[in-house]
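Protein chains in written order, with numbering that gives the first Met the number 0: chain S, 0 to 97; chain V, 0 to 496; chain L, 0 to 124; chain D, 0 to 504.
If you are wondering where the hints come from, they were derived from the structure by calculation, not from laboratory data. Careful, some of the hints might be misleading.
Simulated crosslink set (EDC-like; lysine to aspartate or glutamate; CA at most 20 angstroms straight-line) [claimed, not checked]:
no. : chain 1 : residue 1 : chain 2 : residue 2
1   : D       : Lys156    : V       : Asp440
2   : L       : Lys32     : V       : Glu302
3   : S       : Lys1      : L       : Glu112
4   : S       : Lys1      : L       : Glu118
5   : L       : Lys121    : V       : Asp440
6   : L       : Lys121    : L       : Asp103
Note that the structure is a prediction, hence the values are computed from the model and not measured.
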Amino acid sequence: MKTLNRILLLALGVVLAVAVAGLPPRGDIQAPSHLAANATGAPVAGAYYIQNAYRHARTPNMVTVILADYRGFDTLGETLVVFTGAIAVLFILRRRTP
Amino acid sequence: MIGPQICMLIPVVYLFGALLVPLIGWRRGAAGWGMALAAAAGAFFFSLGGLAGVLQRGSLSYHLGGWMPPIGIEFVMDPLSAFLEVVITGIGLLAVVYTRRSVEHEIPDRLMPFSSLALLVLTGLSGMVITGDLFNLYVFLEISALAGYALIAVGERPASYAAFRYLGMGTVGASFYLLGLAFLYMTLGTLNMADLSRMLAVTDVSATVAVGLLLLFMGAALKMALFPMHGWLPDAYTHASSAATALIAPIGTKVAGYILIRVLLYLLGAGEKGSGLPLLSLLAYLGAAAVIYGSILAVCQSELKRMLAYSSIAQVGYIAIGVGLNSALGFTGAVLHILNHACMKASLFFVSGGLRLRLGHSRIPRFTNALRRAMPWSSAAFALAALSMIGLPPTAGFFSKWYLALGAIEQSRWLFLGVLLFSSLLNAVYFFRVLERMYLDRPGIEPAERPTSVARHEAPPAMLLPAVALSSALLVIGLGNTWIVDRLIGPMIPGGM
Amino acid sequence: MIDLIRGHYVYFFLAGLFLIGLYAIMFKGNLMKKIIGMSIMQSSVILFYVSSAYKDGGTVPVLDPRRGVENPDLYLNPLPHCLMLTAIVVAVVTLGVSFAMIIDIYRNYETIEEPLLLERLKDEA
Amino acid sequence: MEESVSSALPLFAVGVSLAAVPLILWSRGRPNLREFWTLAAAFAKALIVLALLPEVLAGRTVECRLLEISPEIALHLKADPVGMVFALVSSSLWILTSFYSIGYVRGAGEKSQTRYFASFAVCLSATLGIAFSANLLTFLIFYEILSIATYPLVIHKETAEALRSGRQYLVYALSAGVVLIAAVAWTYNLSGTLDFRPGGLLADRAFEAADLRVLFLLFIAGVGVKAGIMPLQSWLPAAMVAPTPVSALLHAVAVVKSGVFGVIRVVGFVFGPSLMKTHGLDAILAAFAGATILFASLIALRQDNLKIRLAYSTIGHLSYIVLGMAMLVPEAFSGGLLHLAAHATTKIALFFCAGAIYVNLHKTEVSQLNGIGRVMPWTMSAFAVGAMGLSGLPPVNAFFSKYALCLGTVEAGRLPALAVLLMSGLLNAAYLLPIVHRAFFRHGGRELEGHGEASAWMVVPLCVAAALSLLLGFRPNALVHLFDLVLLGTRAVFPESVPFAGGGP
């Protein structure tokens, strides 16, 4: 079993190496996630945020704008995760009544 | 008039319910439970409305914050997600009804956090189904997962370790998912599902994208407990409290299956493009292995909940086979089986919880036919759900198998046909083992030792009714399956099939 | 070859980190070590996203009046940063919940070494 | 094209005994009321089936199309002549069985009588459903319901042996079910329809010969388990641990007859005679059936337990019908259908006798039966009638069906089949008539003194069954125009030929 797991891990390593080699190089400004529009002509979020964040929200920090506005719902989810953690710890660690 | 806002309402009702439960129920857990019940009922109501809206007007899409999809997050209710929402919220409602008595019995004093966590699980699951954004899906996945780990962690003594393993596997799965998403995002530049599928349609699938999809696949498969990634499931389901199992088992793995359907059939595009990658075949073969493995191990179990857990592994395999067949009939079978299995498994786990409440155990060798006399309705609900699991007509279980068999034959995949049919026999073996003990005298016991008269000692109504309702629903679904297939599943069959 | 390494060494490194984390989860017997592995794995994914946001010649995604916003190439991609804020919180909460579980396990079985734990579980059953 | 009338009567015929189930369960504390429901349902069912008769005899089919259960496939009930034969037989014999059951379970003091009567009612619903199914999927659904509903009856005694037999029965029945599912799904894939059609729903299409053979074998395996075709028969003798009325139900009324009826549907309405002939499927079927007849008769000779002997006799006689189907000529087809009815009345008489003997004298072995004819004259006379019938002696009805079968084998030019039939006739006589001889002409022991007939609840039904056998022997068309129905059914399957042109029974 252990050897099998080792082999699987190794195989995953090879697969990851192949995949990683096919990624756009780090820092390449032509990478698809950095362009202004993708192959179908739709706007790409990253560049759109850079160009419009200040105009829309008057906040210089673009990450903040995304966090609080464009993708605000993710942040709500994030808060909910924290809440979940709190309730979970409460649930697990509450001592059984004797 | 039903507008797109209804998409938003389902997770949000759960979400606020979950937040309010501790406030209301801090002193009295029952009040918190009441809040949870209200939220669950509200969400069920809205999901029915959503389904009606989708049937009337086609897919609904709600842009959160008013930002257009690739920029902001989008909630989409298409036929598939509307259907699954109804399944999730319906089972969720019944599970919450069931929760109170069961939790008070098995893990006293924790009703309030339990109710809140139950709503959080439902928030996560309903959100995963409805969101149109892959990263948002991850957030919801983590919400449901974290709440799920906690629910599993409290129960019998070994539950904490079982939950720890579940957490380990779940986190690995989520990391796989996130890494796969990173690959897709870096090569295709978008997180929105619709946008991504359009991109995939115009670009070649490079090795990186393929590995990204493989990682998403593995992440979802881990969550779905697809063989051989099922290791966490049996212990988790066995040792957790009955209420937690009854909530998570029927719908948790199904939603992971939904991710697979979404990614493999909708994002990648079904038909030609889908069959270009071996992922679908892989899925089908793993599903076949899961069906056989799960069924055989289920035969060997002596604890009812554990047997049901292994049977879940097998049943997830059916769904995998259906999706992997990559055809309209297989897809129909898979989606129908999601519904059927949710109802069957929920009913079976409901009954097993009732047995634990009344008998104090759920070990199969200790069942006697006193059970039938003491708990006639529970036994009947169990028997009906078991017949449906075996796949006997006219229960619902037969028809999902029927569509899967038609799909396998249509493509001449005889192996899958054989697996499907053989597994019905195995299902029969392990369920009749239980039914025999529930309903029949055990030979070898001296008449003097037999209880002469058994007092009626049925499970409390709040635990009994959900089980009976679901079991009866199996007959209705079975006879009405054409309506479901034509009206609900028909529109969701991916293009290209 | 050189180009490949220059453009991708970070990713190779991070993939390695991911595998190290996975290795710890799969093979380490101590539950704390498993959690450490989990944390390493999550960090590697987070770094993956963050390094994908990098652009040659870009600066932090905070409005710089001298640069303006017309040319997005002048700023790093803000989206992955934002996503990872969420992912980090998730990772932290996961850690918290798993610690709670370990406490519970320790209360019940007085060990967090997996082989010992399995033995005790078997004895109990 | 055949005319059809739309009516809910077939549905009522199926549903009436199902509707009785809740009533039976509800009145579990009051045995008399409970048995009243059973009898009421039995009579209602028979009356409804009779009400269908005029339309069917006039050459019209009565249809009832319910909701669709799979796209394009409805839950569809249709009373056609062939289905009517089976429906008439099973619904009329259910009345007898009900009366008899009441006498038997009370006489033998069986427990769980409510479960017993409820399961019985479900079985009969399923049987009528099988008789009236208009397509394969409907057939399959009722077939599976029947499998499950029979299980509580087989394990009724809840002894270790009964449980073992029950498990064996389930394994066989459910395996057959899944094989049948595969066959039906494949048929749907090949032809796009599942509606039974006289002459074969697959008939006018071209197929790969190998595919077709595999499909045929799947079908035969699926229905053959219930029909007791060797080598799939071993559950049947094992199921003899059940109470006698159950055996009667299994053998004469419902279960095995459903299997045989399945063979009739498969041969006449799914594949069709012409397709079977072109692909040589008839030879496969005939070989299985012939072997079964001979082996079963030989094994029956060596059994001492009366019920098991009768069970092997059933296995043999079912294969008569299957063999008739395999001849693919109208005479043999009608012979098979007639034998379905004839075997039902005669075998039910025999089983009722066996049960009466058991309840009255607690005797189960053939060797213990010396002299009981003097104690139980009515019972043993009925037994004699049944035994004569199954041995192929006139004037009992089974003689004429056997005659028609022999005629068919000659018509088809299959002399080995004829030889098998004649030989097994002798064997039947050899294992049944000695029992009659023992009962009337040997002296019994002292323990017989002071015993009389069993209760009237049991004796009357068994005498009625024997009388029916005789009556239908003299006048095949008596009471319910059985012979006309058979001819109608045969003509539908073999449209171009006239059965019994050269004179028939």
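Hints and how they fare:
1. For a cut-off of 20 angstroms, the pair hint linking Lys156 of chain D to Asp440 of chain V stands: about 9 angstroms separates their Cα positions.
2. A C-alpha spacing of about 32 angstroms is found between Lys32 of chain L and Glu302 of chain V, which places the hinted pair above 20 angstroms, so the restraint is violated.
3. Taking the CA atoms of Lys1 of chain S and Glu112 of chain L, the gap is about 18 angstroms. The hint holds against a cut of 20 angstroms.
4. A threshold of 20 angstroms between alpha carbons decides the hint, and for Lys1 of chain S with Glu118 of chain L the separation of about 19 angstroms falls inside it, so the pair holds.
5. Simply put, Lys121 of chain L and Asp440 of chain V have alpha-carbon atoms about 33 angstroms apart, too far for the 20 angstroms limit, and the pair is violated.
6. Note on Lys121 of chain L and Asp103 of chain L: the hinted pairing holds, with a Cα-Cα distance of about 18 angstroms set against a maximum of 20 angstroms.
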